[in-house]
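Participant: I would like the entire structure built from these sequences, with the hints used as guidance.
Okay, here's what each chain looks like letter by letter:
2 protein chains.
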Amino acid sequence: MSNAKALPLLQPAVEPCCPPLTERPLTGEEAERAAAMFKALGDPVRLRLFSAVASHENGEACVCDISDVGVSQPTVSHHLKKLKEAGLLSSERRGTWVFYRVEPAVLATMGAVLTKAAAS
Amino acid sequence: MSNAKALPLLQPAVEPCCPPLTERPLTGEEAERAAAMFKALGDPVRLRLFSAVASHENGEACVCDISDVGVSQPTVSHHLKKLKEAGLLSSERRGTWVFYRVEPAVLATMGAVLTKAAAS
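From first to last, the protein sequence lines are chains F and H. Just so we're aligned: the first sequence equals residues 1 to 120 in UniProt numbering. Just so we're aligned: the second sequence equals residues 1 to 120 in UniProt numbering.
Think of the hints as simulated: they come from the structure by calculation, not from any bench. Do not rely on the hints blindly, as some may be mistaken.
[Unchecked claim] Mimicking DSBU-like on lysine-lysine, the simulated pairs with C-alpha atoms at most 30 Å apart in a straight line are:
#1 H:K82 / F:K82
#2 H:K39 / F:K84
#3 F:K81 / H:K39
Facilitator: Put into structure tokens, the structure is as follows:
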């Protein structure tokens with residue numbers, strides 16, 4: 001977390017979205033950013049896909065590894081795209097396959113918004 | 001929080017929804033429950049209202065305290081109802097006003113799902 005340059009493609013999403021929810025009412029802009037991340041996890045199929053990537057070896061998975069959630073391949077691709085747009089996953093093509101990775105810094109930010117709220 | 005009987009209406013929502021997201025892929029049922037909570041925070045207006053309650057004195061606020069987010073009173077009521085349905089707020093009528101409270105146990109559960117994922 002000390003070297004932001006290590007995640008050049010994700011800097012906008014990795015910046016803290018907002019203070020802990022108990023600190024003060026969020027501004028409109030803070031709420032827009034934070035809500036977009038929560039919304040990305042607010043769909044059951046998307047959340048299953050996300051946990052499939054997150055729990056895969058090294059927090060990284062190929063589409064071929066995570067398509068057993070009972071929806072079509074285009075639907076899987078759609079949800080993975082949404083997770084990328086929200087900054088929760090990054091992707092990289094390697095030969096035939098696209099690999100997806102969980103972004104721990106973003107998750108930590110989201111978790112802190114909630115758990116600092118819960119602890120105070 | 002040591003006396004569960006103080007929150008009789010919220011016990012189902014306070015049960016852990018699921019393991020940390022990195023532990024294993026969520027089942028369909030776990031994903032349904034967890035996604036419903038994330039979805040409740042996935043709207044900017046709802047998130048602003050939620051943070052307004054969470055940051056108010058004692059984590060509790062009257063509707064009269066938190067209506068300055070630029071939407072109509074019926075819209076405020078609609079969003080507060082959604083937050084209640086998701087188990088994130090409880091409410092209590094006191095005379096003329098309904099007071100809303102944040103449920104710290106639910107927030108802690110949601111936070112742990114994310115931050116344990118991030119830490120591993």
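Participant: Each hint: holds or not?
Facilitator: Outcome of the hint check:
{"no.": "1", "hint": "H:K82 / F:K82", "in the structure": "holds (23 Å)"}
{"no.": "2", "hint": "H:K39 / F:K84", "in the structure": "holds (17 Å)"}
{"no.": "3", "hint": "F:K81 / H:K39", "in the structure": "holds (18 Å)"}
The structure agrees with every numbered hint stated previously.
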